[in-house]
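Undergrad: In this text, residue positions in the sequence shown follow the working numbering: the first is 1253, and each later residue adds one.
Just so you know, these hints were derived from the structure itself, not from any lab.
None of the values given here were measured: they were computed from a predicted structure.
For every residue, glycine included, the Cβ atom is placed at its ideal position computed from N, Cα and C.
Among these hints, one or two may not hold up.
[What the hints assert, rightly or not] Distance windows between CB atoms, simulated: (1) Thr1427 - Arg1604: 30 to 38 angstroms; (2) Gly1529 - Gly1274: 53 to 61 angstroms; (3) Gly1615 - Gly1274: 48 to 56 angstroms.
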Amino acid sequence: MSEATGNVLRLEPLRAWRFVAGKVSALGAVTSPPYDVLEPAIVRRLTDSDLHNMVRLILPRDPDLGPGRYGEPARRLIDWQRDGVVIQDSRPALYVYEQQFGDAVLCGLVGSLGLDPARQVVLPHESVMQHWVEDRLELMEATDADLEPILLAYGGGGAASDAVDAARSGTPWVTADTDNGAHHRIWRIDDPDTLAAISAELAQHEALIADGHHRYAAYLERSRREPRRPGTDVGLAMLVDNDRHPLTLDPIHRVVPGLSLELVKARTPAGWEVLPGRVEGVPDRIAIFDGISWVTLRSTEGQVSPTVSLLHEVLLPAWGVPADEITFHHALGDAIALAGPARAAVELVAPRMDQVLRSAVRGAVLPQKATSFGPKPRVGLLFRTLPESGH
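Turn these sequences into a full structure, and let the hints guide you.
TA: Structural data, given as structure tokens:
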């Protein structure tokens, strides 16, 4: 176990686990999007796609069983390891992961991220919901594994990004096509000199947690509970040089119980104008739908804070609706489908990258589910176990 450090960005090699092509219907068929973007229809489709799809591990069923429901994925993972459905790499490496979907490209390094409880070099930008932290932690503890890489972004990768691009010129170690039309390729970097150059480069940088705040919080809690156990000072992560391979930044919409258009019109505070209809092209707007009609809120005071912060800090308290029953939806259509007289869909615009970075650097956080960075790494192409020798 390496020394934990709070002031150097570390991404360490690991012996990753992967599926064996001959043991499953196809490598792409056993992968899944991250757990927090999975709507019920997607879960059903993935569950039906292959008996070994990763959704069977990352979304334990039967919530009525309480903590006992995490035993099912733990037993399943042990069976897959025993039967050779998944195998562990023979040597430690950093892994270059590339995902191409149309014109969108996700490209970066996957490895074991050094944890940073002091928030000096690994910078969160969103609040978390404790029940989801506990859910991910219980799954990690039951399976003794990090099944889903979190996603981090940094800038100006230099030697590290050069090593990524050099690896991509060679023959991939793993390739897979997924049902959404994306093509995935993975290469290994295990040359000691290259790994040393990457390590030295990353040590000069900070990284923003783009996706996976709840999983990162679970990593920290696992480390706090078991500080002397090998492997608990790191967690599975993908690190992207946002200058060379920029991520997208999208909003996450809300459905707010108890919110009506009448309430919005009557109680929206000064600094906002309520416009009829869903008005496009308004900077930092918020659009609200009650199942029949839309209104659009437009800031009249040149707000500096991201709109999602103003929604949670200013508007929801002014409207007098509880925030603890809000649901979150990456697809606007999913939120609209749930709208009605007793609950409104709230369409948000994404915060700007400079707003996200500014809040993270000064130690402030946006409300939970404030952003959706993408593309997100596919779950199931690489994962790690504790200890790294496996079960």
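Undergrad: Each of the hints needs a verdict: does it hold here or not?
TA: Comparing the hints with the structure gives:
1. Thr1427 - Arg1604: 30 to 38 angstroms: Holds: the Cβ-Cβ distance is about 35 angstroms, inside 30 to 38 angstroms.
2. Gly1529 - Gly1274: 53 to 61 angstroms: Given range 53 to 61 angstroms: holds, Cβ gap about 56 angstroms.
3. Gly1615 - Gly1274: 48 to 56 angstroms: This hint holds: roughly 49 angstroms between Cβ atoms.
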